[in-house]
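Colleague: Please build the complex by placing chains B, E, A and G on the supplied structure of chain S, with the hints as guidance.
Letter by letter, the chains look like this.
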Amino acid sequence: MFKKIDRSSLLFLGGALAFFIVVQALISLNVLTAFWNTILRIGGVMAIVSIGLNLIYGFNGQFSLGQWGFYAIGAYSAADITYRWTNNASTDGLIVLLLIVLLVGTSILLLYRLLSRIRGLDALSAFTVYLLAAIGLSVASVQLGRVIAPPVNGLLQALPPDVATTIVFILAVLIGGLLAAEVSFLFGLPVLTLGSDYFGIATLGFTIIVKVLLDNSDTLLGFTEMKGARGMIGIPKVTSWFWVMFFLVLVLVITRNLIHSSTGRAIISVREDEIAAKAMGIDVGYFKTLTFVLGSLFAGLAGGLYAHVNGFLHPDTFNFIKSFDPMIIVVFGGLGSITGTVFASFAWALVLEGFLRLLLPSGFETWRFVVYPLLLLIMMLLKPNGLFGNFEMPYLRQILPPLRKKTSQPQSEGITVKEANV
Amino acid sequence: MKTRVAIFVLLIVALLVTACQPGAAGGGTIKIAILAPLSGPVPTFGVSTRDGALLAIEEANAKGGVLGKKIEAIVADSQCTPDPAVNAMNKVIEQDKVHYVVGEVCSKASIPISEIAEKNKVVMISPTSTNPTVTLNADGSTKKYVFRACFIDPFQGTVMAKFALSKGYKTAFILFDQGNDYVRGLAEFFEKAFTENGGQIVGKETYTAQDTDFSAILTKVAESKAEVLFVPDYYNIVNLVGAQAKEKGVTAVMMGGDGWDSADLDKNAANGGFFSNHYSPEDTRPIVQQWVANYQKKYNSVPDALATLGYDATNLLIAAIEKAGVDDPTKVAEAMEKLEYEAVSGKVTFDAQHNPIKSAVVLAVKDGKVSFAASVAP
Amino acid sequence: MSDFQFTPSPDGREEILRIEGLTKLFGGLRAVNNFSLQLHRGDLNGLIGPNGAGKTTVFNMITGVYTPTTGSIQFRGQEITGLEPFQINQMGIARTFQNIRLFPNLTVLDNVRIAYHPHAGYNLLDGIFRNERFQVKEKELTERAQEFLSVFGLEDRQGEIAKNLPYGEQRRLEIARALAAEPKLLLLDEPAAGMNPAETVALMDLIHFIRERFNLTILLIEHQMRVVMGICEYITVMDFGEVIARGTPAEIQANPRVVEAYLGPGAAALSEKFRRKKTV
Amino acid sequence: MMLEVKDLNVYYGAIHALRGINFHLEKGEIVTLIGANGAGKSTTLNTISGLLRARSGQILFQGEDITYTEAQDIVRKGIIQVPEGRKIFATLSVIENLEMGAYLQTDQAQIQSDLEAVLKRFPRLRERRKQFGGTLSGGEQQMLAIARGLMSRPSLLLLDEPSMGLSPILVEQIFEIIRDINEQGTSILLVEQNAQMALSIADRGYVLETGRVVLEGPAQELLHNPMVIEAYLGGHG
Amino acid sequence: MNSSKAVPSTPSFLDFLVRRKILGLLLLILILLLVLWKLGSELVTNPTLFLQQVINGLQLGFVYALIALGYTMVYGIVRLINFAHGDVFMVGAFMSYYAIARVQLHTWPAKVFPNLSPGLSIGIGSITVILLSMAICALVAITIERVAYKPLRNAPRISALITAIGVSFFLEYFGALNFVFSPNFITYKRPFDVTTWMVSAQGVQALQKGQAIPEKTVIFSNISIIIVVVSILLLVVLQYIVGKTKIGKAMRAVAYDKQTARLMGINVDSVISVTFAIGAALAGAAGMLYAIAFPQVFFWMGIIPGLKAFVAAVLGGIGSIPGALVGALIMGQAEVLSAAYISTPMRDAIAFTILIIVLLVRPTGIFGEAQREKA
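Protein chains in written order, with the numbering used here: chain S, 1089 to 1510; chain B, 21 to 398; chain E, 17 to 296; chain A, 37 to 273; chain G, 222 to 596.
Honestly, the hints are just simulated from the structure, not real lab data.
If you're wondering where the values come from, they're calculated on a predicted model, not measured in any experiment.
We treat Cβ as the ideally placed atom computed from N, Cα and C, and that holds for glycine.
Be aware that one or more of the hints could be misleading.
[Claimed, not checked] Sample of chain S residues at the chain E side, in silico, Cβ under 8 Å: (1) 1241; (2) 1245; (3) 1315; (4) 1354; (5) 1371; (6) 1484; (7) 1485.
Chain S extracted, bound-state conformation (with noise of 0.2 Å):
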């Protein structure tokens, strides 16, 4: 059963398949105007930040507020690819940057086999190996970067300029997704050591240090068309919804199919019981970093198309008070169930930007976020776990495997014990 592709992934695929058609049709039909077209385009991204949450807190228990970050991590580095490439027709950003994240993210498992074999890690050490691995190798990267880029430059330009584009911004959503992971590794080998509500805390100062670097993104950092606080402009805007839709549909199938690996199963025993976990061979600190790392590439990855929508960036997008979103999706649509939170995201997006703008009579426009609060109450207090608790539609069910055939075995058979019969 293993062998064919079953049933309900094809049933998921061309699900998937038919509401982005249905949805592009009406969008090419302007029947689905801009307005919703942004709104569905951003619920898409809320999906996928909030599936790596889910990743994070759901599945693998880690309380985190730093998804925020991450998006913003891969935001701006995406935006700052595509934004090097159409207006100063360079490719410095999207060369230096692949080459960091590859440069580190080799030196990262390197590393990581090395240290690994030393009994009784300190988590501070090595996190300071790592940090000095991550800088020489990224100084390195931007000299070596100057060298290849005008080579590429060229090579780029002869394609055409669509071609090129489209080429540059999936690097640079990538780039910008494998960035938030790295920087997410480095940040949460030290931090995830810490108990669960002292590591949302240390989260959440995270995504608000990186809203002040940001702010300051233009004199601290040195990177002039990030303009801090005025807003970065001239990003193409080429996160279309067919894009959206790739990369929802690629994120869920990667979570869907981790979940139910036996990574997964391993992520999942950490929720469940950590020293149960620990007692049966499981490496607990490797996957609460591995699950932390997915998450954030995901945040990244959505980050990077979220740069794309509006072609605008603004540190406040990225404020902390917003960095519940994603928390308030993922409870929301139930721990645990990818369905609710993809779900939810939608139904976020489309609420409280589409219908509440839309229903609210005039003179009650600031009545929106009196209503949202109290919708949020409301169905907390209805359904605690969440709107769908941890149900999942059939594609990221569970699948139980058959039972095995009986084979004999008179010897179990004997002494099988029934159960109490009490």
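Modeller: Positioned in the frame of chain S, the structure of chains B, E, A and G alone reads:
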């Protein structure tokens, strides 16, 4: 399970129904959308702007509307934040089918929506967004459909620098909000003009919009013995800075920009300070007196800079429509470029980058009153 | 030092576990003091003692949950103190818990499959791409897990959520899960707690059976003497962190210190004393 | 009749912890519930105390149905539990722990005199009255737990494994105290693993196994009942 | 130590550096030395300025302490991060604003007893106002607890956290409505005038209006004194309530062990309500003091102080009352000193960096109790 399916279906149906709802036919009226941050961090700015704009529309309607049609105001909340602003802009363009937009207040919201305006050929006039890129494309060309009703930063910063020097002050300390481009712009151009003309900046400090405790930096100001403290922020920050400056022994004269202009400016805290503005309420021009009186009658408070600019922006728009003679955004935009209009904030024409050319005044805060101090031509 | 003598196994079996001078202090409290123990392949030994005697603390030190204050633990000749619990498990020591620690919201099958993870034979990327290797290994792993379940009579329950199982089945599931890690040494912490007599008898048979079938060495903590006396070949008795007796079940039952530790000091005499008071 | 428990059924989630327990306790008696770990002894006490809710059955205290009464009202009626593992408030001083026992008492003078009486009974506690509960030794904690229970002026004291983790000498002391408290008129329901000890001071006993009463009778009879001995030391299964 | 394929052991140079925590410690020590060197050199260059900044930080720290206590008490008892606490603080500030600016409540002693000395009369009046806003905040908090938290006590912990965020949004935006509080920044009317004193080698003098401060002078105002004194007073009262009263002891008992507290006859629900009320009352007082120090009230004013105070509570060890005070004082100093000497735009980032570093060194905060191991 069933309920979930039901909810899902309901949402889809609702989406389709609302989406397919045709925007109300625009036959009998001309619609003007007002995008203002009614919620979010600074609703107070949004409320003022909206009130000013609504008053302009009301007055125009009282005079029979424009092109013989009534004007219909559509208010949308844009939260001074990019995403909601984009949604609000899309909503008024797509659902309400407006051709003219007054807004947004904050540059960070105005920039993304100006691109939508340009793409959809909708005339947009921002009452207060000072960032140059609001009216400019990425390549430096001017956006055809986007205008603004306020000074851009260089002008006010320069005005105040010159004014400070003319008063004989030689040293200044600048406080500005790193996260607010309006404040930052004013601060930068003040510094430039002040030092170029012989003054000296003895210190610069930043804060964030959420800060309330300025004790650390005000202690530094007191220590620096600067003669002028330039705080080009909105009145709420000025109130806090002014109140604490006195406790910290700061003797410098406070100066700032049009952000100070508000009925809520703490005249006690800002006592002895000066700020640049678009007009003086003491101005005897009838349009100014009429405006102040009408506003006071309707909203029971003195109009602030935001209300005034909201009023002016709307009037400029109406005048341009009138001048164009047709309800056609392209024509209106062309008419606007050549417009010459007597607004509350002075006689306005637009330069090549769609920024208004108008004169500024400097107002003094003294003994609980705001009074005219000087007039500066562009 | 300890009076404990390490001896080679009479029939030359491999030494599995050697604990020497193990001591654990919690603050000032001496939870375990100078504990020593030796196990050979195939041993089925018991560790008994009243509540709070320090038995579970010994288990926690063997499995790496606590680091011993002093002392050494060698598993098949390798020092394992200071290793992480998961590393110790991967080396071949599995355990169950006194107050059942299943993964409560997962299915019975997944509980077992999780323990099989270190031997899954495919990695993260295989899982994400669902390649051939994943398909094969996952199938193998699942069948293996089901096999374990069927040994424990839980095959029909594979889809059940673990926390909804009756108590006795939860116990058996926990043992099945521990075995899925393919251990050489199995530590059972009060496996019969909360079981009724019928279930207990069945459990004892089961323990015997798994020892044979999986070639295990077993150390178990138990309160119910009838279990310990019934199946253990050799028993170590602890009280107040100290070993107070060692020996075969018969020896232990006859040992006055053990009787006192369990039944109270001079039970009969004390009873007389209280009786007298009552009647006065 | 002081306490009567009829057909009590209690569940933990899906686990059927008590399966129709019946027993009773007369005024002035010491009754003991004995049995192995997980037999349902503590569950019974917690249900009487109102921490757990019975799914069916009835608990009568002095003729009054208290099956669904709130925990604090049960204490008010005169039943107090000295929980398993002492459960001293480690962050409160000894005196404060005792005051918590008297939480529902309002008469300050009476609380003071009770406090005095309790400290007199437990001189060790008087020595340590300013110390935090968490710093006491096991035996002292057990004394404090009993003393704290007495501060509520109970007519029925529920004791959950008072001998747990104590040395024989201390166990003896604790049991003497229990005896003593009983002689001064407080009825006692004692849950113990240490069966001989418990039966030696009790009037009657019930043996619990997996949530049901399997044996009951006068303590002296149970003490010599081979089934009890076997249940603990197990001749052979 | 034996080695084999399964047993990790690399006794090498790297092992030495990494395992012995040396690298990690070096990193931390390096950061610490840099900060100390920077601050030390500033202290030497201009000691009065430094002292002045410390005084500024002290005033801020005490206000944070009052808010932090509410977080810490609620967390200690129900393990809930009460995000709405900052907004209760805002309600307190608004209440005192209305009482002073609209009702002139602070002038009642002058009206009823015209012969009272003005200082005393304003003092009594201000105390009335602060008590009023404390009482209203307590009521608001009890209502919130009953409506939004109590029904979720047996639900997953995160549900209550989400409702806390919901309540926080609601209080803000409902407060922003015109007929509730206001969407505007409102200038707060202090019940008394500000007086500033200079302390120098010449002694203490009042600072005249418009007078520049001479060299080597430290100034402080009656506002800092009032804030510090009132805060300390409230802390003493709180310490008394928690330490000596029956309800305080019950609070500690419930925080330690709810089940056993129930066995003692303690009504856990009402103790929790009281805890919320006391925490909120402190926030109400803090609201008024904060508004006096930084005279402006605004519907969003609770968010940032709330966040900072929350960080302070965590820094000190959430659940610990002295921890909240120490954490808040550290936060106050960290904020002011980093604004003054390190980097103004980065001051929030610096505050959080300190928090993260402290947590890495002491995972449960400065006064936090170590997490109990369990197996």
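Colleague: Would you list, in rising numerical order, the hints stated earlier that this structure does not obey?
Modeller: Hints 1, 2, 3, 6, 7 contradicted; others consistent.
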